[in-house]
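K.L.:
Next come the chains, spelled out residue by residue.
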Amino acid sequence: MIQPAILHTAYALAHAPDFVRYGSKPTRELPANPGLLEEMTAALRPWDEVVAYPPNQVFIGNLSPDELAATPRPWYEHLVPDASPIGPWGRIVTQAALYGLMKLCDDFDLLTITEAVAAEAREELTRFEHRRDRITGVPPEDLAALIGKHDGLTLYHRGEVAGFLRTAHEQDPSLDAHVLFENLACKATAVLAVNDAFDGGPIGPEDVDYLLNTGEEAVGDRYQRGGGSLSKAVGEVVGCLNATGSDIKAFCSAPVHAIISASAMVASGLHKYVVVLGGGSQAKMGMKFRAHLRNGVPVMEDCLASMAFVVGPDDGTGMRVRLDVTGKHPIGAGSSAQHVYQALVVEPLERAGMTMTDVDRYAVEMHNPEITEPGDSGDVPKTNYRTLAAMAVLRGEIERDQMDEFSATHGMPGFSPTQGHIPAGVPFLGHALAAMRRGEMDNAMIVAKGSLFLGRMTQLVDGVSFLVEAPSEPS
Amino acid sequence: MDLDDQANVSRLAEESGTDDMLVVLGQPDPNSAGLFAETVTRGDPTWAGPLAGVPLGLPVYHILEEEIKESMDPDLYQEHVGLMELSADVDEIVKWVKFYREGGGEA
Amino acid sequence: MDLKGKRIVAIGEREGINGPSLKLLAESAGATVVFSVTQCFV
Numbered sequence: 001m002i003q004p005a006i007l008h009t010a011y012a013l014a015h016a017p018d019f020v021r022y023g024s025k026p027t028r029e030l031p032a033n034p035g036l037l038e039e040m041t042a043a044l045r046p047w048d049e050v051v052a053y054p055p056n057q058v059f060i061g062n063l064s065p066d067e068l069a070a071t072p073r074p075w076y077e078h079l080v081p082d083a084s085p086i087g088p089w090g091r092i093v094t095q096a097a098l099y100g101l102m103k104l105c106d107d108f109d110l111l112t113i114t115e116a117v118a119a120e121a122r123e124e125l126t127r128f129e130h131r132r133d134r135i136t137g138v139p140p141e142d143l144a145a146l147i148g149k150h151d152g153l154t155l156y157h158r159g160e161v162a163g164f165l166r167t168a169h170e171q172d173p174s175l176d177a178h179v180l181f182e183n184l185a186c187k188a189t190a191v192l193a194v195n196d197a198f199d200g201g202p203i204g205p206e207d208v209d210y211l212l213n214t215g216e217e218a219v220g221d222r223y224q225r226g227g228g229s230l231s232k233a234v235g236e237v238v239g240c241l242n243a244t245g246s247d248i249k250a251f252c253s254a255p256v257h258a259i260i261s262a263s264a265m266v267a268s269g270l271h272k273y274v275v276v277l278g279g280g281s282q283a284k285m286g287m288k289f290r291a292h293l294r295n296g297v298p299v300m301e302d303c304l305a306s307m308a309f310v311v312g313p314d315d316g317t318g319m320r321v322r323l324d325v326t327g328k329h330p331i332g333a334g335s336s337a338q339h340v341y342q343a344l345v346v347e348p349l350e351r352a353g354m355t356m357t358d359v360d361r362y363a364v365e366m367h368n369p370e371i372t373e374p375g376d377s378g379d380v381p382k383t384n385y386r387t388l389a390a391m392a393v394l395r396g397e398i399e400r401d402q403m404d405e406f407s408a409t410h411g412m413p414g415f416s417p418t419q420g421h422i423p424a425g426v427p428f429l430g431h432a433l434a435a436m437r438r439g440e441m442d443n444a445m446i447v448a449k450g451s452l453f454l455g456r457m458t459q460l461v462d463g464v465s466f467l468v469e470a471p472s473e474p475s
Numbered sequence: 001m002d003l004d005d006q007a008n009v010s011r012l013a014e015e016s017g018t019d020d021m022l023v024v025l026g027q028p029d030p031n032s033a034g035l036f037a038e039t040v041t042r043g044d045p046t047w048a049g050p051l052a053g054v055p056l057g058l059p060v061y062h063i064l065e066e067e068i069k070e071s072m073d074p075d076l077y078q079e080h081v082g083l084m085e086l087s088a089d090v091d092e093i094v095k096w097v098k099f100y101r102e103g104g105g106e107a
Numbered sequence: 001m002d003l004k005g006k007r008i009v010a011i012g013e014r015e016g017i018n019g020p021s022l023k024l025l026a027e028s029a030g031a032t033v034v035f036s037v038t039q040c041f042v
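Protein chains in written order, with the numbering used here: chain D, 1 to 475; chain S, 1 to 107; chain F, 1 to 42.
Chain D on its own, in the form it takes in the complex (with noise of 0.2 angstroms):
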């Protein structure tokens, strides 16, 4: 078998105040509610504060989880002095390079935007030359015409009319205006991350083999809704021209699949390398907005996030997937809590002789807890390191005194933007790589939990997990 690693990953952050109006709460209840907008419009943050916002830096790989731990709450009100926007394996853009990213992904002509921001775009992206050319802009009077001609979406910049995404067909609910903008925004934050993953990394474009995407967008039309892909469509744009891909389904816990899978790819010599991918989810910008007014904090739902893994073989610097150290819940397993760590943690530790305590961090879903208190959801990060803790005590790892020390040592504060899939334990991978690097970690066990009920489908959860190791040889 042939020793698959992680080789290199990447993170992006894109900026998109004007865009938290059309996730998926907002546009349910600005209609509805006169003011609204002007309310969650002021309680959106500038440019300079998302940047040196200090989770935000986590993500990208300014701070450390350790130095976030040590911040004190609330983090809005502690920001990075002198932060960057560009991290050792991370960046955060702004909206109008987004747009940028967005026109040069629109291979249908869908998306207009104004000759102002196609300016602002060209300016701030300095790559991806063979396409700079599809980032052109129109007047107002023009854009003004086409939005009174046709259907679609009216699409802002600083808060003025400044683009249109037309409906592809006017019968069909999976090619509207609507459904296009989310498409749209996780393949060009994808490619953003995909593209910046070749950046330092091992690799190029064209040695990528098959890709795999891991966004939760339904991408298709009336006939396959949420049955297409994106892998290759992101592919295209990054130029990874030898390569194929296809994209996996499983809500919040694909990332995880899909980095098993490419592993197993790798192993098996069907594939040498092999990108594991994920664009931002649009529709869970602004989800707990009325939670952050009526708490008077920030409406922090502003960004959209994407990543990118290259999985290869070992070459002696990337992490070492261990796939005789995965977890898997199967179907028969129940759902609770116990039955849900002990298939995802304790069964594939036991099957390799370790034990809990062996693993130097857990990365479990890594959503922000500023994010998600305000609306009384919790501190999911938190919650799931004390179950971890709880199911150390009972197997006798640890004394039940010991439980706060655990959480703290063995886990972390969540940082990731509450975007689905993207906290599935994987923000966690570009620290874990560094840190192995320096030494200073064997190993981490990354989680990650999916609501399949959600689709009302089935009751089922679902959970899968891998181990990574320090590598062979370390730098």
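Just so you know, the hints here were simulated from the structure itself, not pulled from any lab data.
All C-beta atoms, glycine included, are put in the ideal place defined by N, C-alpha and C.
A few of these clues could be false.
[Claimed, not checked] Here are some chain S residues pointing at chain D (derived, C-beta under 7 angstroms): (1) P28; (2) D29; (3) N31; (4) L35; (5) H80; (6) L83.
Use these hints to put chains S and F onto chain D, whose structure you have.
P.N.:
Just chains S and F now, kept in the frame of chain D:
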């Protein structure tokens, strides 16, 4: 609470009355347990859903409360809730659910 | 408290005790579950 779920609870109460009806919660932390307990007693405090301004006053218990635990199969309870008894802040969760159940929120 | 004959509304949560688990437990006490749901906040 999800707006559809509020609508379901509201419909059940309307169609078949609230006699013999009892709500059992499974939230892992005091704030969310309190929010759900408040919603089915005083009404939706966020004023977003069908239970806004609708004080159903349903008896509400959390699965962690002794009063309902004692009537359930002990092995099954251990299998499904044992871990949460250890991991959750049981006292705080029970305190808030009880607060709303006993009408404490009607001040 | 005797749950026998009670009509139960079970509101579970993915990160806590979910709807199906609450339903099983309530039924073990002789109650009828008239509505069961699992909330997912993320």
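K.L.:
Compare the structure with each hint and give your call.
P.N.:
Cross-check of the supplied hints:
1. P28: Holds, because the Cβ-Cβ distance from P28/S to chain D comes to roughly 5 angstroms (cut-off 7 angstroms).
2. D29: holds (4 angstroms)
3. N31: This hint holds: N31/S lies near chain D, its Cβ roughly 4 angstroms from the closest one there, short of 7 angstroms.
4. L35: holds (4 angstroms)
5. H80: Given a least distance of 4 angstroms, the restraint on H80/S holds.
6. L83: This interface hint holds because 4 angstroms falls under the 7 angstroms limit.
Checked against the numbered hints listed earlier, the structure breaks none of them; every hint is satisfied.
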